[in-house]
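Participant: These are the residues of each chain, in order.
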Amino acid sequence: MRPSSTSNSDVLTRNNQRAARALAARLLRFSIPVLILVLGFEVLLARLGESWPVSLVVRVEQTAQPSLYGRGLFSQQFGLYKQRSIARRQPRILVLGSSRVQQFRRAMFRPLDAGFYNAGGMIQNLGDLEQLAESIEAGGLAAPRAVLIGIDPWWLAARDRPIPEGWSATNDAHDAVLRPAAHLAVARNLVRGRGWSWQALVAGARGPSPYYQQPAIGAAALRGQGFREDGSYQYDPSMLLAFIDRPVYHDREQPPVTERIARTSHQFTPADGVASARLEHLVTSLGRLRAQGIEVYALLPPFSTPAAAALDRSPALGAWWRAYHRALPQRLAAVGVDGLDAGTPAEHGLGDVSMIDGFHPSEVFAGHLLRDLVRALPADRLLAQIDVRALEALLDRAALPLAFDLPPGAERPGFRPAFDAVRCARRAQDGVFLGARPMGDPP
Amino acid sequence: MLFNSTIFALFLPTVFALYWFLDRPSVRPQNVLLLFASYLFYGWWDWRFLSLIVFSSALDFAIGLALGMTEAPARRRWLLAASLLANLGVLGFFKYWSFFRHSLDAALGQLGLPPTGATFAVILPVGISFYTFQTLSYTIDVFRRRIAPTRDALAFFAFVSFFPQLVAGPIERAQRLLPQFLSRRRLDLAQASDGLRQMLWGLTKKVVVADNLAPLADAAFNHWAQQDATVLLLGMVAFTIQIYGDFSGYSDIAIGCSRLFGIDLMRNFATPFFARDIAEFWRRWHISLSTWFRDYLYIPLGGNRVGRLRHARNILATFAISGLWHGADWTYVIWGLLHGLYALPAALAGRHRRHHDTVAHQRLVPSARELAQMATTFLMVLLAFVLFRSPTLADAVGFLNRLANGPRTLPQLDHAFVLASAMLGVEWLQREKAHGLAIAHLPRLARWLIYDLLLAVLFWYAHTTYAPFIYFQF
Numbered sequence: 001m002r003p004s005s006t007s008n009s010d011v012l013t014r015n016n017q018r019a020a021r022a023l024a025a026r027l028l029r030f031s032i033p034v035l036i037l038v039l040g041f042e043v044l045l046a047r048l049g050e051s052w053p054v055s056l057v058v059r060v061e062q063t064a065q066p067s068l069y070g071r072g073l074f075s076q077q078f079g080l081y082k083q084r085s086i087a088r089r090q091p092r093i094l095v096l097g098s099s100r101v102q103q104f105r106r107a108m109f110r111p112l113d114a115g116f117y118n119a120g121g122m123i124q125n126l127g128d129l130e131q132l133a134e135s136i137e138a139g140g141l142a143a144p145r146a147v148l149i150g151i152d153p154w155w156l157a158a159r160d161r162p163i164p165e166g167w168s169a170t171n172d173a174h175d176a177v178l179r180p181a182a183h184l185a186v187a188r189n190l191v192r193g194r195g196w197s198w199q200a201l202v203a204g205a206r207g208p209s210p211y212y213q214q215p216a217i218g219a220a221a222l223r224g225q226g227f228r229e230d231g232s233y234q235y236d237p238s239m240l241l242a243f244i245d246r247p248v249y250h251d252r253e254q255p256p257v258t259e260r261i262a263r264t265s266h267q268f269t270p271a272d273g274v275a276s277a278r279l280e281h282l283v284t285s286l287g288r289l290r291a292q293g294i295e296v297y298a299l300l301p302p303f304s305t306p307a308a309a310a311l312d313r314s315p316a317l318g319a320w321w322r323a324y325h326r327a328l329p330q331r332l333a334a335v336g337v338d339g340l341d342a343g344t345p346a347e348h349g350l351g352d353v354s355m356i357d358g359f360h361p362s363e364v365f366a367g368h369l370l371r372d373l374v375r376a377l378p379a380d381r382l383l384a385q386i387d388v389r390a391l392e393a394l395l396d397r398a399a400l401p402l403a404f405d406l407p408p409g410a411e412r413p414g415f416r417p418a419f420d421a422v423r424c425a426r427r428a429q430d431g432v433f434l435g436a437r438p439m440g441d442p443p
Numbered sequence: 001m002l003f004n005s006t007i008f009a010l011f012l013p014t015v016f017a018l019y020w021f022l023d024r025p026s027v028r029p030q031n032v033l034l035l036f037a038s039y040l041f042y043g044w045w046d047w048r049f050l051s052l053i054v055f056s057s058a059l060d061f062a063i064g065l066a067l068g069m070t071e072a073p074a075r076r077r078w079l080l081a082a083s084l085l086a087n088l089g090v091l092g093f094f095k096y097w098s099f100f101r102h103s104l105d106a107a108l109g110q111l112g113l114p115p116t117g118a119t120f121a122v123i124l125p126v127g128i129s130f131y132t133f134q135t136l137s138y139t140i141d142v143f144r145r146r147i148a149p150t151r152d153a154l155a156f157f158a159f160v161s162f163f164p165q166l167v168a169g170p171i172e173r174a175q176r177l178l179p180q181f182l183s184r185r186r187l188d189l190a191q192a193s194d195g196l197r198q199m200l201w202g203l204t205k206k207v208v209v210a211d212n213l214a215p216l217a218d219a220a221f222n223h224w225a226q227q228d229a230t231v232l233l234l235g236m237v238a239f240t241i242q243i244y245g246d247f248s249g250y251s252d253i254a255i256g257c258s259r260l261f262g263i264d265l266m267r268n269f270a271t272p273f274f275a276r277d278i279a280e281f282w283r284r285w286h287i288s289l290s291t292w293f294r295d296y297l298y299i300p301l302g303g304n305r306v307g308r309l310r311h312a313r314n315i316l317a318t319f320a321i322s323g324l325w326h327g328a329d330w331t332y333v334i335w336g337l338l339h340g341l342y343a344l345p346a347a348l349a350g351r352h353r354r355h356h357d358t359v360a361h362q363r364l365v366p367s368a369r370e371l372a373q374m375a376t377t378f379l380m381v382l383l384a385f386v387l388f389r390s391p392t393l394a395d396a397v398g399f400l401n402r403l404a405n406g407p408r409t410l411p412q413l414d415h416a417f418v419l420a421s422a423m424l425g426v427e428w429l430q431r432e433k434a435h436g437l438a439i440a441h442l443p444r445l446a447r448w449l450i451y452d453l454l455l456a457v458l459f460w461y462a463h464t465t466y467a468p469f470i471y472f473q474f
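Going down the list, the sequences are from chains A and B.
If you read the first sequence in the working numbering, its first letter stands for residue 1, the second for the next number, and so on.
If you read the second sequence in the working numbering, its first letter stands for residue 1, the second for the next number, and so on.
Derived from the structure by calculation, the hints contain no laboratory data.
C-beta: ideal position from N, C-alpha, C; glycine also.
Covered by chain B, per the in silico footprint, the following chain A stretches (three or more residues, Cβ under 8 Å): (1) 12-26; (2) 175-186.
Restraint-style ranges between C-beta atoms, simulated for each label pair: (3) A:L178 / B:G68: 49 to 57 Å; (4) A:A22 / B:F459: 21 to 29 Å; (5) B:P25 / A:R47: 50 to 58 Å.
Chain A extracted, bound-state conformation (with noise of 0.2 Å):
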């Protein structure tokens, strides 16, 4: 009986076997299509860089030529990536706060440029100041030197929510690249043709960005938009060239910051006035920031002329909008942080071209409000170091009041004569920007 049994048996197990394979080979008979296209898909995203995890973008970027990163079809992954740029670059010179601030630059600050590094997008409230605060006390990272930090008045406004308990991605496994769900959402909107082609991407894929000969890094930087090696932040170039095509001030924030101060929505929900205890949670971090030897320098980000106007007048907002320059620069002042109140461009003799949006200063504006607060620090201050001549020659040689740089396809011929306005008008002006005021009617 026992052989007749195992060979049964080894039937059984040809017959288990065979059927196995023939599944599999069913099963990869008819997936053999769709992974063709999965795997295109990825290579695609590949090479564009657009699928890199934060922790590969920040390696690249300290290894290779000087690159621009910008995911146009996963999230930015903005904390994730500052964080792990800070971790790993420890710079002595950091930057902090919401986008408001992403227009300050590395060669503003010489000779400190060295250790420069703007994590402008990282610090989005209070919540996620103390937990910066907490990593650099704990030594998850160094502590830099000094700190400019843009402070938001919607961080210290009285409203019924509790402050925020801090940025959420400090995981690498948070980045949005590795979640194949995400994937598959992105493919998704390629197919429905939202806001990217295929087409443009498979071009892209071959070369890099065509502004600036940067190598880009993700598919916005492939369009000019990104975080420059030093964290900072450059607009898409084609808002420039629209400039130069009509150099007038106008809010590109969607929807526009006057629009969401009418409406009171999105950072201006109504609010009695500056909470006190927010406003000391701001003062115990900043405390904690220099109890490790760190520098602050407190920024109040500035406004448009015409936001800034319409929070003044808002009944809803007035009071917050006004305890927030009042009582934060007091308070500040009084614990001994130095800092400035950026108001509105005309404070620094700008025009509201220089803004790229109702609450965005541009590159030119940051540089300005930077001189202007090395000008007023006490001498023994780390940033009164910083070379104001060189500086104001930076400002003096910006092509645009919106950017130190023309963008490449301003040497087209139909970019030419609005160019030369703007320039005219600078030289009128004697370097001083005036906004809103249509080109073809010089002061």
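Put chain B on the given structure of chain A with help from the hints.
Facilitator: Positioned in the frame of chain A, the structure of chain B alone reads:
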């Protein structure tokens, strides 16, 4: 590990390949692999709670052996009691601790007494209700001498923890599933291919239908006080179909997946929305649980072989406890009781087994009478699910009150309802088959076109945010 996760897409082919590679005259290598894979599958969520599965398996294996070694009725009863006490004790602690504490505190408060003061929270281990009932069925069946106790610990442990049905069923009986772990499995190519089809159908029901309906149900139930009555009505429908798509989708994946390993699991859902009365609904909804309660609670209580009053008590008690099994809250208990009340009249009149065939058998269109019966049953189920989905009884009452008296506007029909209608349409056409994608009889070209269509639907409509299966919480 979730069925709708990438890690599972890597896990399953790996286990499948190793499993058939290890096919030997002895089933031990395959059982070792299944046990390891099942513990990995479960431990991916939280490895600490693996100890509970190991404890439950070891206890019932040992008690089974002890039952096999004694004929003394008293000793056998003690052994069974020990198993019930330990298993239900663990389940009670992890699942019902907060519920009992809150209920006790509320009762003490009514009497003007201070609360118990016990404030610690307990995490509910995934799938505890499912595997506890599965392992209990073994001990009870050994006690009743319906099955002989097994001496193969490996097979028993693999039976308790079999990964496709570990966390959300079907709740298998030892009598049916355990022998499949004791003897050699056969991989039938046609059966396995059909298993893959069933998995594809289950996945579609989960990520295309259930997950797209979820936001509509959430909007209605989480913010009922601010919603129109029409939104609430659509929310009720959305939740009812969502929970079906979610849970029956899981069951389809589990059953299809098991077939890849030559293991046959019982059917858990049989187009319940086409039931013509509540009794038929419960013969088609979560079949493995309904029959478990029937065999291990309702019949031991006396079933229908007692007086009318005790019969009614048995029905209500079974449904109430079935409700409590779903969740530790009074909403679930009352949901169960409501279903008991629905079922009571027909059961007492002995008319509860009228509909044993499939509706509109061998016809495409149901009769007007059948249609009315199905619509009535669906409405009753719909209404009861308000209790199931509402966080508290007060919310359920408020929801129903607003549904009756709230403002009504013309609703916007979401695409999720189109997807749900398509799913129900397919299930209607396939209602006499084992699952919605039982299409082995079609020519290959037609089958491939259907697969491609489903893949396109998955690509286009699959939810990309994390959405665990609803029944994981039970």
